[in-house]
Structures are given as structure tokens and as C-alpha cells.
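Student: Please model the entire structure based on the sequences and the hints provided.
Every letter in the sequence shown is one number past the one before it in numbering that gives the first Met the number 0, and letter 213, counting from 1, is 212.
None of these hints come from the bench; they were simulated from the model.
Note that the structure is a prediction, hence the values are computed from the model and not measured.
Think of the CB as a built atom: it goes at the ideal place given N, C-alpha and C, for glycine as much as any other residue.
Any given hint could be a false lead.
Calculated pairs, DSS-like style, for lysine-lysine (alpha carbon to alpha carbon, straight line, at most 30 Å) [unchecked claim]: (1) Lys279 <-> Lys220; (2) Lys282 <-> Lys313; (3) Lys388 <-> Lys316; (4) Lys308 <-> Lys254; (5) Lys405 <-> Lys415; (6) Lys198 <-> Lys279; (7) Lys279 <-> Lys316; (8) Lys11 <-> Lys151; (9) Lys198 <-> Lys254; (10) Lys282 <-> Lys308; (11) Lys279 <-> Lys308; (12) Lys163 <-> Lys254; (13) Lys254 <-> Lys282; (14) Lys220 <-> Lys11; (15) Lys336 <-> Lys381; (16) Lys266 <-> Lys316.
Label-pair ranges, simulated between beta-carbon atoms [to be verified]: (17) Glu204 <-> Gln403: 50 to 56 Å; (18) Ala402 <-> Pro319: 16 to 22 Å; (19) Lys316 <-> Gln115: 31 to 37 Å; (20) Glu278 <-> Glu170: 37 to 43 Å; (21) Ala402 <-> Gly248: 51 to 57 Å; (22) Glu170 <-> Glu238: 27 to 33 Å.
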Amino acid sequence: MASLKCPNCGKKINKNWVRCPNCHEFLTKKCSICKKEIDTKWDICPFCGTDVHLPIPQFEETKTQIYSNEPTKEISSKYKSPFSIQKIIGLLGLISVVAIILLYSLYMHQPPINGQTAEEYFSQGLAYYNQENYEGAIIYFEKCLSIDPKYKEAWKYKGDSIQKISSEYSEAIECYDKAISIDPNYQESWNNKGLALRKLGRYSEAIACYDKAIAIDPNKKEPWNNKGSALYDQGKYSEALICFNKSIGIDPNFKECLYNKGRTLEKLSNFTDALACYEKLIKIDPQHVGALFNKGSILVSRGEYSNAKIFFEKVIKIEPNNARAHLFIGIICLENKEYYDALTYMNKALSIDPLDSFAWKSKGLLLYTQGKYNEAIECFDKAIVLSPKYAGAWNEKGLAYYAQGKYLDALECYEKAIEVDPNYYRAWANRGQVLEKLGRYTEASESRSMAEELRN
Numbered sequence: 000m001a002s003l004k005c006p007n008c009g010k011k012i013n014k015n016w017v018r019c020p021n022c023h024e025f026l027t028k029k030c031s032i033c034k035k036e037i038d039t040k041w042d043i044c045p046f047c048g049t050d051v052h053l054p055i056p057q058f059e060e061t062k063t064q065i066y067s068n069e070p071t072k073e074i075s076s077k078y079k080s081p082f083s084i085q086k087i088i089g090l091l092g093l094i095s096v097v098a099i100i101l102l103y104s105l106y107m108h109q110p111p112i113n114g115q116t117a118e119e120y121f122s123q124g125l126a127y128y129n130q131e132n133y134e135g136a137i138i139y140f141e142k143c144l145s146i147d148p149k150y151k152e153a154w155k156y157k158g159d160s161i162q163k164i165s166s167e168y169s170e171a172i173e174c175y176d177k178a179i180s181i182d183p184n185y186q187e188s189w190n191n192k193g194l195a196l197r198k199l200g201r202y203s204e205a206i207a208c209y210d211k212a213i214a215i216d217p218n219k220k221e222p223w224n225n226k227g228s229a230l231y232d233q234g235k236y237s238e239a240l241i242c243f244n245k246s247i248g249i250d251p252n253f254k255e256c257l258y259n260k261g262r263t264l265e266k267l268s269n270f271t272d273a274l275a276c277y278e279k280l281i282k283i284d285p286q287h288v289g290a291l292f293n294k295g296s297i298l299v300s301r302g303e304y305s306n307a308k309i310f311f312e313k314v315i316k317i318e319p320n321n322a323r324a325h326l327f328i329g330i331i332c333l334e335n336k337e338y339y340d341a342l343t344y345m346n347k348a349l350s351i352d353p354l355d356s357f358a359w360k361s362k363g364l365l366l367y368t369q370g371k372y373n374e375a376i377e378c379f380d381k382a383i384v385l386s387p388k389y390a391g392a393w394n395e396k397g398l399a400y401y402a403q404g405k406y407l408d409a410l411e412c413y414e415k416a417i418e419v420d421p422n423y424y425r426a427w428a429n430r431g432q433v434l435e436k437l438g439r440y441t442e443a444s445e446s447r448s449m450a451e452e453l454r455n
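Tutor: What follows is the structure in C-alpha cells.
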């Protein structure tokens with residue numbers, strides 16, 4: 000069967016729809032007499048024969064009679080009324096029909112404000128929304144809703160606009176709930192309500208919304224991707240991966256989902272498949288900073304420093320102030336013993352983002368490698384102030400103390416690292432080494448055994 004199209008905008012419509020959801024044109028109307036739905040272009044109702052577009056009545060002069068107890072007398076033409084009782088009754092009926100039609104029209108279209116209809120206000124709001132003027136969009140969506148409180152698209156887009164410009168996600172959720180109360184199968188509102196709930200950290204509720212959106216139409220890619228993101232936030236990486244695969248199955252070139260899948264595969268330590276995701280994404284969008292950076296990071300972990308540096312340089316070309324890209328080139332230079340260049344890149348990274356604890360730890364490690372232990376300790380301390388539970392910074396600070404022969408200070412740092420992360424095998428190994436220096440051989444042996452156990 001050929002699909003139906005809206006006669007106004009040409010978009011696909013359902014035969015049972017009364018109104019086009021795309022252009023908001025009414026597809027049918029009701030006969031004022033028999034109340035059955037008829038085409039908007041029909042002049043008469045085929046069910047009861049009523050004229051839909053009633054002509055303005057023309058009245059002719061005619062003879063009439065006055066009824067009284069007196070004998071009937073014909074009134075001379077000079078004083079004859081142009082209407083009979085039957086005509087008056089007919090005219091009143093006609094007026095009633097017109098009134099019904101007007102009332103129905105007012106009900107369906109709602110009265111305009113300052114000469115504008117709800118549809119016109121909605122269109123203005125949508126124009127502002129598409130121009131990313133979300134404050135202006137909200138004003139017009141509210142004007143639309145003041146005329147027609149059941150305009151579900153206005154509720155939905157008002158919620159979207161609120162999410163764009165503020166953290167009042169609960170207010171946005173109220174808008175989506177309004178839209179859903181009007182149309183329980185409004186998939187976009189279910190999906191976007193899920194986005195707002197996720198931003199509030201209410202992941203289980205968000206997933207329930209995505210599940211509802213998927214149940215309405217399982218062939219939409221966005222709800223699957225968004226459900227995967229909420230599961231990722233909960234650390235449920237295997238479940239998240241299933242959702243991302245569903246989304247990519249619908250659209251193999253869905254950039255956002257390819258990136259999310261790559262990140263999830265990294266969490267699952269499947270770096271080969273993660274790299275494949277990023278490479279596919281880079282083919283689709285060579286300027287995708289996230290994919291370029293993450294591919295470089297995987298190459299660093301593999302020791303492919305020269306190749307990795309190429310991708311970080313591409314990131315800097317696109318985003319000159321990308322602090323992490325500068326930092327990773329600095330780390331590559333450190334691995335290649337190019338200490339001057341390493342310090343230059345790390346300082347650049349810290350000038351862009353002085354609150355990056357990983358950058359301070361990395362600079363500290365560079366200075367430690369150069370034998371500048373006190374300067375290194377200063378950097379490790381800055382990292383710890385920013386991230387008190389940064390086990391790596393505590394461990395590296397211990398190394399700097401150990402190199403200076405300050406074994407008790409070193410031991411304190413290693414034990415702090417273990418307190419933060421009991422599975423940190425390097426800290427256990429370093430603890431064993433410093434305990435041996437302190438002559439505490441039994442404890443040293445136990446610490447080394449724990450390190451080996453954790454490493455294996």
C-alpha cells in the first residue's frame with residue numbers, strides 16, 4: 000500500500016491522524032451536524048449532506064400572516080414583512096449551525112494572541128531554537144502553550160531549550176512529562192527526559208525512559224546510544240556495549256556511538272577493537288578530536304610513540320589549546336629522553352590547565368628522572384592537593400624521597416598509596432624495597448609477595 004502524504008508539507012502521515020505532526024496542518028475536520036470526520040477540502044458532508052461552507056443567505060420579500068384571534072387579513076404589500084415564521088425558524092437554525100462551526104473552529108485552532116495562532120508562535124520558537132537562541136525560543140514556546148496547552152511539540156522543545164541553557168533539569172523533565180501526558184507514545188520526549196535524568200545522576204530512571212522510547216520504536220538509534228551511555232556511567236560496560244552495537248546496527252556511521260563504543264571497549268581492555276572504532280570514526284570525520292586523541296593514547300600504551308605523536312599533533316592543529324594533547328606529546332618526549340622538549344610541552348599543558356593533577360604528576364616524574372628531586376616532590380604535592388586520593392602521585396613522591404635516602408618519608412608515601420588503592424602492586428613492591436633498607440626484612444618479604452600476587 001502506498002504511504003499517505005500530508006497535502007500541505009508532503010511528509011508521510013498515518014491514515015488515522017487528524018493533524019500532521021510536521022507542519023501542524025489539520026488533515027480532517029468534523030461535520031457540524033453528524034460529527035463524522037471529513038476531508039478539509041470537501042464542501043459538503045457525504046454522510047448527511049450538510050453544506051460545510053455555507054453561503055451567506057439571501058432573503059426575498061414575501062407575504063406573511065399575523066396570527067391572532069382576529070380573522071386573518073392580508074396585509075398590504077406596503078407593510079408586508081419580508082420573513083415568515085418558517086423563514087425565521089430556518090434562519091435561527093442556520094445561525095446555530097454557523098455558531099457551532101465557529102465554536103468548533105475556535106476549539107481546534109484556539110484563539111490567537113495579538114493576531115497570532117499557536118502554530119505561528121511555535122514556528123517562531125522553532126526558528127529561534129534552530130538559531131541556538133534558546134532563551135528566545137522558550138518565550139515563543141510559552142506563548143504557544145498559553146494559547147494551546149496541549150501542543151505537545153511546544154512542551155518538548157521547551158524542555159530541550161531548558162536543557163541547552165541551564166542546569167534546571169527538573170524543570171525540563173516537567174515539560175517532557177507534559178508532552179508525554181498528551182501523547183504517551185511521544186518517543187522523542189521519552190528519550191530527552193532520559194537525557195535530563197542522566198544529567199541528574201538518576202541513571203536507573205533514565206534507562207527506564209530509554210527503554211520506553213525503544214519499545215515505541217526499536218529502530219531509532221538515539222535511545223539505544225543513550226541507554227548505553229547511562230550504563231557506561233554505572234560501570235556496566237558489557238551491557239553498554241550491547242546497546243552501542245544495537246545503535247550502530249541501525250546506523251553504521253553514527254559518529255557519537257562509534258566514539259562511545261571505542262571508549263567502552265577500552266574499559267573492557269579490548270584495545271584492538273577500540274582502535275578499529277576510532278579508525279572508522281576518523282575516516283568518517285577526520286577532524287574528530289576525541290577519536291584522534293584516544294587513538295594516540297592507545298598507541299602510546301603500545302609503545303608506538305612516533306605514530307602516537309602524529310595524532311596528538313593533529314589534535315593540536317584542530318584545537319591549539321588542548322592541554323592533554325600537549326601533555327601527551329611531553330610524555331612521549333620523556334620516553335624518548337628528549338627532556339627539554341618534554342618540559343616545554345608539559346609547561347604548555349599546565350599553562351592551559353593548571354588544575355590537571357595528572358599533568359603535575361607527569362612533570363614531577365620528568366624532574367625525578369633528571370635527578371631534580373625537590374622540584375619533583377613539589378609537583379607531586381600539587382597533584383596530591385588537587386587529587387588527595389591519587390595513588391600514583393603518592394607512589395612517585397615516595398620514589399623521590401627514596402632517591403634522597405629519606406626512607407621513612409618514602410615508606411609513609413607508599414603506604415598512603417596502598418591505603419588509596421590496595422591493589423596497586425607497584426606501591427607494594429616499593430614498600431618492600433624501602434622496608435628492606437630499614438632492616439624490616441619480614442615485612443619487606445610479605446610486601447614483595449603481595450606485589451607479585453597482585454601483578455599476576
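Student: Indicate, hint by hint, whether the structure satisfies it.
Tutor: Structure-based check of all given hints:
1. Lys279 <-> Lys220: 18 Å, holds
2. Lys282 <-> Lys313: 14 Å, holds
3. Lys388 <-> Lys316: Measuring from Cα to Cα gives roughly 34 Å; hence the hint is violated.
4. Lys308 <-> Lys254: 23 Å, holds
5. Lys405 <-> Lys415: Holds, at roughly 16 Å.
6. Lys198 <-> Lys279: Given that 30 Å is the threshold and the Cα spacing comes to 29 Å, the pair holds.
7. Lys279 <-> Lys316: Cα-Cα ~20 Å, so holds.
8. Lys11 <-> Lys151: Within the cut-off at roughly 19 Å; holds.
9. Lys198 <-> Lys254: 21 Å, holds
10. Lys282 <-> Lys308: 19 Å, holds
11. Lys279 <-> Lys308: 19 Å, holds
12. Lys163 <-> Lys254: Given that 30 Å is the threshold and the Cα spacing comes to 21 Å, the pair holds.
13. Lys254 <-> Lys282: With Cα atoms ~10 Å apart, lysine 254 and lysine 282 stay inside 30 Å; holds.
14. Lys220 <-> Lys11: Judged against 30 Å, a Cα distance of about 20 Å means the pair holds.
15. Lys336 <-> Lys381: Roughly 24 Å between the alpha carbons, so the hint for lysine 336 and lysine 381 holds.
16. Lys266 <-> Lys316: Status holds; Cα separation ~28 Å.
17. Glu204 <-> Gln403: 50 to 56 Å: This hint holds: roughly 53 Å between Cβ atoms.
18. Ala402 <-> Pro319: 16 to 22 Å: 36 Å, violated
19. Lys316 <-> Gln115: 31 to 37 Å: 48 Å, violated
20. Glu278 <-> Glu170: 37 to 43 Å: With Cβ atoms ~41 Å apart, the hint holds.
21. Ala402 <-> Gly248: 51 to 57 Å: 54 Å, holds
22. Glu170 <-> Glu238: 27 to 33 Å: 30 Å, holds
Hint check: violations occur at hints 3, 18 and 19; the rest are consistent with the structure.
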